[in-house]
Amino acid sequence: MTGVIVNQTSQTASGAVCAHWRDFLALTKPRVMTLVVFTGLCGLLAAPGHIHPVLAFTAILCIALGAGAAGALNQWHEAEIDALMKRTANRPLPAGRMDRQAALHFGVGLGVFSVLLLGLAANWLAAAILAVSILFYVLVYTVWLKPRTAQNIVIGGAAGAFPPLIGWAAVTGDVSALPIALFCLIFFWTPPHFWSLALFVKTDYANAGIPMLPVVAGEVTTRRQIWGYTAIMAAAAMAPVLLRLTGPIYGTTALLLTALFAVLAFRVSVNRERDPERMLAERRLFKFSILYLFIIFGAVVVDRWVYA
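Under the numbering used here, the first residue of the sequence shown carries the number 3, and numbering increases by one thereafter.
Please keep in mind that the hints were generated in silico from the structure rather than gathered at the bench.
Glycine included, every Cβ here is placed at the ideal spot set by N, Cα and C.
Treat the hints with care, as some may be off.
Said to hold, decoys possible - Listed below are the simulated EDC-like cross-link pairs for lysine to aspartate or glutamate, each with C-alpha atoms no more than 20 Å apart in a straight line:
1) K148 - D101
2) K289 - E275
3) K148 - E82
4) K204 - D101
5) K31 - D101
6) K204 - E275
What the hints assert, rightly or not - FRET-style restraints, in silico, Cβ to Cβ:
7) K88 - G175: 44 to 52 Å
8) L106 - G211: 31 to 39 Å
9) V145 - H107: 38 to 46 Å
10) R269 - A179: 31 to 39 Å
11) T205 - P55: 41 to 49 Å
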């Protein structure tokens with residue numbers, strides 16, 4: 003491992019760290035970005051009207067760059083916290099492969115560029131929503147909520163719910179009922195998704211002093227809230243059908259997938275396994291929740307194309 007770090011890092015004559023390009027990529031949280039970009043793309047494809055393919059690609063690129071900027075600024079602010087957690091200790095900043103100032107400049111530059119480019123290529127409403135999403139994730143979630151309250155992921159979940167609004171607005175120049183419904187779906191999906199992860203990395207958050215729900219309220223309360231938010235998420239998932247914003251393709255997909263999600267969430271709610279290495283119910287819910295969002299958003303696009 004040491005050899006890898008040496009190969010990826012060099013120092014200038016003044017002793018400043020020169021990071022490898024892979025470290026800058028890691029700052030953007032590419033795995034998280036994948037879901038963000040996909041939901042933004044689905045918002046764009048489901049929107050009525052037409053957008054030139056080059057402008058559509060530019061809009062999705064801006065969503066990706068904006069998400070990367072938020073991830074970079076999150077890691078810049080939390081470098082000391084990340085060093086205390088096993089799950090994040092090998093990130094570029096806590097591992098010493100990158101200078102914090104470089105991460106700050108990279109994040110700010112990426113964020114400003116993505117907003118300006120989206121405004122010029124698409125429209126300024128989409129750019130404004132992108133700017134709000136970046137600022138919300140960095141200032142509201144990372145700086146304010148995360149270190150102070152166990153409800154951090156509930157309120158902060160809004161940051162990850164903006165991409166469908168951005169994609170839709172890039173095409174139409176406005177925001178209507180369907181992208182708002184998709185925003186609500188992601189918003190209420192976030193707590194059960196994230197808390198299922200937090201249950202089996204609880205020790206990491208406790209060591210870092212982060213008041214995640216399993217740390218401050220205990221596992222029983224967390225499991226109960228996962229089940230409660232799953233019920234709310236189920237209502238949000240079915241809302242586009244009940245409001246006649248989508249057709250039977252989405253409706254059938256949402257009904258079946260949400261039922262399976264509920265079964266997995268119920269298993270988490272009644273599970274009493276305390277060994278982080280054996281929390282199979284929690285791991286299954288976490289992994290399925292990612293697949294759930296990919297499929298259900300894909301169904302929105304197919305449904306809109308078939309029944310438009």
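Here is how each hint holds up against the structure:
1. K148 - D101: violated (23 Å)
2. K289 - E275: holds (18 Å)
3. K148 - E82: Measuring from Cα to Cα gives roughly 14 Å; hence the hint holds.
4. K204 - D101: violated (29 Å)
5. K31 - D101: Holds, at about 17 Å.
6. K204 - E275: holds (13 Å)
7. K88 - G175: 44 to 52 Å: With a Cβ separation near 46 Å, K88 and G175 satisfy 44 to 52 Å, so the hint holds.
8. L106 - G211: 31 to 39 Å: At 23 Å between Cβs, range violated.
9. V145 - H107: 38 to 46 Å: Given about 18 Å between the Cβ atoms, the range is violated.
10. R269 - A179: 31 to 39 Å: About 34 Å separates the Cβ atoms of R269 and A179, which means 31 to 39 Å holds.
11. T205 - P55: 41 to 49 Å: About 47 Å separates the Cβ atoms of T205 and P55, which means 41 to 49 Å holds.
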